[in-house]
Amino acid sequence: MPTILETKELTYEYGKGTSMTKTAVDHVNLAIESGEFIGIIGHTGSGKSTLIQQLNGLLRPTSGQVLLEGEDIWKEPKKIRRVRFRVGMVFQYPEHQLFEETVLKDISFGPRNMGLSEEEILRKAKEAAEFVGMKPELLEKSPFELSGGEKRRAAIAGVIAMDPDVLILDEPTAGLDPHGRDVLLSQIQSYHRYRKNTVLLVSHSMEDIARVADRVLVMNGGKAAMFDTTAAVFARGEELERMGLRVPQITKIMNRLRADGYPVADGVLTLEEAIRQLAPLRQERRLLRAQ
Amino acid sequence: MDYLQTADVRFAYEAEEGVTPREVLCGVTLGIRKGEFVALLGHNGSGKSTIAKHFNAMLLPSGGKVYADGMDTMDESLKYEIRRRVGLVLQNPDNQLVASIVEEDVAFGPENLGVPPEEIRERVEEALKAVEMFGHRLDAPYKLSGGQKQRIAIAGILAMKPDCIVLDEPTAMLDPRGREEVLQTITRLNREQGITVVLITHYMDEAVRAGRVVVMDSGRVLLDGTPREVFSHVELLKKHELDVPQATELAHRLKAMGCSLPEGVLDEEECVAALELLLGG
Chain V
1 MPTILETKEL TYEYGKGTSM TKTAVDHVNL AIESGEFIGI IGHTGSGKST LIQQLNGLLR
61 PTSGQVLLEG EDIWKEPKKI RRVRFRVGMV FQYPEHQLFE ETVLKDISFG PRNMGLSEEE
121 ILRKAKEAAE FVGMKPELLE KSPFELSGGE KRRAAIAGVI AMDPDVLILD EPTAGLDPHG
181 RDVLLSQIQS YHRYRKNTVL LVSHSMEDIA RVADRVLVMN GGKAAMFDTT AAVFARGEEL
241 ERMGLRVPQI TKIMNRLRAD GYPVADGVLT LEEAIRQLAP LRQERRLLRA Q
Chain H
1 MDYLQTADVR FAYEAEEGVT PREVLCGVTL GIRKGEFVAL LGHNGSGKST IAKHFNAMLL
61 PSGGKVYADG MDTMDESLKY EIRRRVGLVL QNPDNQLVAS IVEEDVAFGP ENLGVPPEEI
121 RERVEEALKA VEMFGHRLDA PYKLSGGQKQ RIAIAGILAM KPDCIVLDEP TAMLDPRGRE
181 EVLQTITRLN REQGITVVLI THYMDEAVRA GRVVVMDSGR VLLDGTPREV FSHVELLKKH
241 ELDVPQATEL AHRLKAMGCS LPEGVLDEEE CVAALELLLG G
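One line per chain: the protein sequences are V and H, in this order.
Using this note's numbering, the first residue of the first sequence is number 1, and each one after it goes up by one.
Using this note's numbering, the first residue of the second sequence is number 1, and each one after it goes up by one.
Hints are not guaranteed to be accurate.
Stated by the list, open to error - From the structure, some residues in chain V lie toward chain H, with a derived Cβ separation under 8 angstroms: (1) Gly17; (2) Gly115; (3) Ser117; (4) Asp177.
Unchecked claim - Just a sample of chain V residues kept apart from chain H, beta carbon distances all over 12 angstroms, derived: (5) Asp165; (6) Ala225; (7) Leu245.
It should be emphasised that the hints constitute simulated quantities derived from the structure, not laboratory data.
The structure presented is a predicted model; accordingly, all values stated were derived computationally and were not measured.
We put the beta carbon where it would ideally sit given N, CA and C, even for glycine.
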């Protein structure tokens, strides 16, 4: 797969030139392939938010580069708006940003700004609403009549409607209940599978990341501390804990069994996988006993 | 009567004219004893936050009664006394801090109660030490991490010398370390100072650390018991759109496949021990 998004020595310093300079992102080099699902973890203040805001041109790097399909996004600063259509960003608690009279108008806001025809706008908005499981009868309501979970979905649909090549979601499941979290994650997953575009998901929930990500980027102290397959990252539980992170409970259980000498794999990520590994062990033990 | 006592509480938010208000609480009878640590679970819309806001007279029942330390929350003249004894911590720490310096923020409550300045100083110091934030007393709240901000919000309540703290998803916005800091703080306050804790959470691994778990569904109490009792009802919880810890579910699913494992495994320690016993050393 070709590289879609790349950073080269990407650096961001707040308060540059003052005595309060703080390096939030420190020489980060990443290459993200088209169609990948990337999880981003790191404690508060690790640089994740500053990093993603640079990826869609909301912040301009103090040094280094962000390349979108090989081209520096700041090559022509006047065209940065176009980058923001191609790299769509769903902020934390996006429901606070709904403002239109109807849900449909709100979801259409992005595509309308892109200068599409009315037909195109409507088609994209309706398709996006479907991706996030928004019932059609809700589209003509005021966003303020929706429940918290529905508002969240409407806000996400507003970004999906721009049909970005890269979709960045900053803690999309924060504050949702376990079922709401499950449903929203599944919707994002099926959107990713269907559109085959690139998704970057920032989350404090290691369980969510373990479930959906192909690769995980771990930010720590402004640096990319790890960037590897999800299983490989979560096999490094102790290092993650030292960075104020954890591994999913299921991974921790399996890592401990492995450390105690049981023949299970490193970095088991889901319950299903754990069961697949444990069931045969149980079988073997029965056979041994029968002999 | 228990320290917090609700008797057949019904509640509906006010609706527009002509619309029948939907009942959020449909007869909740629940008693929380002094010194308990209770986790309150339920999906969004189950009524758990609504019942929590009844405990300190933030909301008043449309039917039934709520008593805090024996005081009827409908009695307007007792409102401030009830709120002093039962403090509420909310999800977003940024909406709860009012002053530009940590110690002033913590002093805000006792100042409003008319506590003499000398005593306020003592209370602020004590409260900040209890949440292990004394070293940050002169810092600006906006410079703190989410977990630190929530501990300051808890200190602000402690400075009012409460009997009980109700926390409504205090860790929803925090990273894993921040969550752990808040959990350890409330666990310690409960154990060492005997403060009654009611913790509303969507994180099952937090709920297992409470002494008692109450599950709400459709405005009613669905389950009420020790974490082990409650989390042995895996299928029932799933049916009501709730989760169980992964350790619990792993043991439950393997058991369903014929493995001899106990029901109601709560955390990774118990799960690893049970699995190693099953698989043989």
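How the hints compare with the structure:
| no. | hint | in the structure |
| --- | --- | --- |
| 1 | Gly17 | violated (21 angstroms) |
| 2 | Gly115 | violated (37 angstroms) |
| 3 | Ser117 | violated (38 angstroms) |
| 4 | Asp177 | holds (4 angstroms) |
| 5 | Asp165 | holds (29 angstroms) |
| 6 | Ala225 | holds (15 angstroms) |
| 7 | Leu245 | violated (6 angstroms) |
Figure legend: structure checked against the earlier numbered hints; hints not met, in rising order: 1, 2, 3 and 7.
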